[in-house]
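Take the sequences, apply the hints, and build the full model.
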Amino acid sequence: MKYESPEALRDAVIDNGDVLTVKVGVVRDAFNYGRLGVHVRQEISKKLRGLGIAHLPASVPDWQEHPIRLYRMGTPIADLLDAAHDPTGEHDEELKNALAGSAADILSQVRALVCA
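Sequential numbering of the sequence shown, starting at -9, is according to our numbering.
To be clear, the hints were calculated from the coordinates, so they are not data collected in a lab. Keep in mind that this is a model prediction, so the values were computed, not measured. Be aware that a few hints might be false.
To be verified - In silico EDC-like cross-links for lysine to aspartate or glutamate, where the CA-CA straight-line distance does not exceed 16 Å:
no., residue 1, residue 2
1, K(-8), D19
2, K36, E(-3)
3, K86, D69
4, K(-8), D72
5, K86, D72
6, K37, D19
7, K37, D69
8, K13, D76
9, K37, E(-3)
10, K13, E55
11, K86, D76
12, K36, E55
Right, dumping it as structure tokens:
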């Protein structure tokens, strides 16, 4: 898939339930950058955050074929992904509470995404 602009990429994340996994090259192309040097990757990360989009891994990979998970900040999926990736233990209760009711299904889906 190709996105004509960063805004189109953001809209795709939102349209896909606030989470979207694509290749880094797709993100790079949406921003109309060339090589994935350290400064380009830092700029991509900064601009994504400016659009309200976070990503995993936390550092944009330097290989265009590497997958990157984009997710909208401030959403339940963002809270869960952020909690799952924070090993300080501060979010253990939040993760345990996510198992209640249909949240168990969501957690299972997130686990499948994170471990993929």
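So, going through the hints one by one against the coordinates:
no., hint, verdict
1, K(-8) - D19, "holds, 8 Å"
2, K36 - E(-3), "holds, 14 Å"
3, K86 - D69, "holds, 13 Å"
4, K(-8) - D72, "violated, 27 Å"
5, K86 - D72, "holds, 14 Å"
6, K37 - D19, "holds, 13 Å"
7, K37 - D69, "violated, 20 Å"
8, K13 - D76, "violated, 24 Å"
9, K37 - E(-3), "holds, 10 Å"
10, K13 - E55, "holds, 5 Å"
11, K86 - D76, "holds, 14 Å"
12, K36 - E55, "violated, 20 Å"
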